[in-house]
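Trainee: Sequence:
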Amino acid sequence: MKTYCTTTNCHDGSGGAPLDLNNYADIKIFFDNGQLKSRVIDLKNMPPSAPLPDSLINKLNCWIGNGAKNN
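Heads up: the sequence shown begins at 105 in this note's numbering, then just goes up one per residue.
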């Protein structure tokens with residue numbers, strides 16, 4: 105996710121986006137409120153430039169299916 109989501113002025117903690125995805129605590133919030141699955145996987149509107157590659161979406165689906173653990 106760092107390659108696609110934590111770029112400058114996005115989810116890098118600089119304030120460009122409201123969520124800092126550099127740490128698990130904030131990623132977990134994004135997971136817990138359903139936004140990660142909804143926006144990244146279902147709607148595919150994050151990142152706004154283009155959907156994530158299918159290989160990464162498959163990894164995210166697997167991670168979510170296993171409880172979104174900090175690993």
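Keep in mind the hints are simulated off the structure, nothing from the lab.
Virtual Cβ for every residue (Gly too), placed ideally from N, Cα, C.
Be aware that one or more of the hints could be misleading.
With a Cα cut of at most 25 angstroms, we get these calculated SDA-like pairs of lysine to any residue [claimed, not checked]:
| # | residue 1 | residue 2 |
| --- | --- | --- |
| 1 | K132 | N175 |
| 2 | K148 | P122 |
| 3 | K106 | K163 |
| 4 | K148 | I133 |
| 5 | K141 | N165 |
| 6 | K148 | N170 |
| 7 | K106 | D130 |
| 8 | K163 | D136 |
| 9 | K148 | L164 |
| 10 | K106 | S159 |
| 11 | K106 | G138 |
| 12 | K163 | I133 |
| 13 | K141 | S118 |
| 14 | K148 | S118 |
| 15 | K132 | S142 |
| 16 | K141 | N113 |
| 17 | K163 | S153 |
| 18 | K132 | T111 |
| 19 | K141 | A154 |
Derived Cβ-Cβ restraints for the label pairs, each shown as a range [stated by the list, open to error]:
| # | residue 1 | residue 2 | range |
| --- | --- | --- | --- |
| 20 | N174 | D116 | 27 to 33 angstroms |
| 21 | N113 | C166 | 17 to 23 angstroms |
| 22 | N174 | A154 | 16 to 22 angstroms |
| 23 | A129 | C166 | 27 to 33 angstroms |
| 24 | N170 | G120 | 16 to 22 angstroms |
| 25 | N113 | G169 | 20 to 26 angstroms |
| 26 | G171 | R143 | 18 to 24 angstroms |
| 27 | L160 | N113 | 26 to 32 angstroms |
| 28 | N126 | I161 | 27 to 33 angstroms |
Trainee: Now, for every hint given, state plainly whether the structure supports it.
Mentor: Hint-by-hint comparison with the structure:
Straight-line distance between C-alpha atoms of K132 and N175 comes to about 12 angstroms, which keeps the hinted pair within the 25 angstroms bound. Taking the CA atoms of K148 and P122, the gap is near 18 angstroms; set against the 25 angstroms cutoff, the hint holds. Proximity of K106 to K163 is assessed by CA-CA distance (about 14 angstroms); at most 25 angstroms being required, the pair is judged to hold. At most 25 angstroms may separate the alpha-carbon atoms for a hinted pair to count; K148 and I133 meet this at roughly 19 angstroms.
Restraint check for K141 and N165: the C-alpha separation of about 8 angstroms stays at or below 25 angstroms, so the hint holds. Straight-line distance between C-alpha atoms of K148 and N170 comes to about 21 angstroms, which keeps the hinted pair within the 25 angstroms bound. Note on K106 and D130: the hinted pairing holds, with a Cα-Cα distance of about 13 angstroms set against a maximum of 25 angstroms. Using a Cα cut-off of 25 angstroms, the hinted pair K163 and D136 holds, with the two alpha carbons roughly 17 angstroms apart.
The straight-line distance between the Cα atoms of K148 and L164 is roughly 12 angstroms, inside the 25 angstroms bound, and the hint therefore holds. Between K106 and S159 the alpha-carbon distance is near 15 angstroms, which keeps this suggested pair within the 25 angstroms criterion. With a CA separation close to 19 angstroms, the supplied pair K106 and G138 stays within the 25 angstroms bound. As the CA atoms of K163 and I133 are separated by approximately 19 angstroms, the hinted pair is consistent with the 25 angstroms bound.
For the hint linking K141 to S118, the alpha-carbon distance of about 23 angstroms falls within 25 angstroms, and the restraint holds. At roughly 23 angstroms between alpha-carbon atoms, K148 and S118 fall within 25 angstroms of each other, so this suggested pair holds. Note on K132 and S142: the hinted pairing holds, with a Cα-Cα distance of about 14 angstroms set against a maximum of 25 angstroms. Distance hint between K141 and N113 is fulfilled; the C-alpha atoms sit about 22 angstroms from each other, no more than 25 angstroms.
Taken as a hint, the K163 and S153 pair is honoured in the structure, with Cα atoms around 20 angstroms apart against an allowance of 25 angstroms. The hinted pair formed by K132 and T111 meets the criterion: a straight-line CA distance of about 19 angstroms does not exceed 25 angstroms. Between K141 and A154 the CA atoms are separated by roughly 16 angstroms; this keeps the pair inside 25 angstroms, and the hint holds. Taken as a hint, the range 27 to 33 angstroms is violated for the pair N174 and D116, whose Cβ atoms sit roughly 19 angstroms apart.
Between N113 and C166 the beta carbon distance is about 29 angstroms. The supplied range of 17 to 23 angstroms is therefore violated. In this structure, N174 and A154 break the distance hint of 16 to 22 angstroms, their C-beta atoms being roughly 27 angstroms apart. With their beta carbons about 21 angstroms apart, A129 and C166 fall outside the hinted range of 27 to 33 angstroms. Between N170 and G120 the beta carbons are some 30 angstroms apart, a value that contradicts the proposed interval 16 to 22 angstroms.
Taking 20 to 26 angstroms as the suggested C-beta distance range, the pair N113 and G169 does not conform, at roughly 31 angstroms. For the pair G171 and R143, the supplied restraint of 18 to 24 angstroms holds, since their beta-carbon distance comes to about 19 angstroms. For L160 and N113, the Cβ-Cβ distance of about 21 angstroms falls outside the hinted range of 26 to 32 angstroms, so the restraint is violated. Distance hint check: the CB atoms of N126 and I161 are about 21 angstroms apart, inconsistent with the given range 27 to 33 angstroms.
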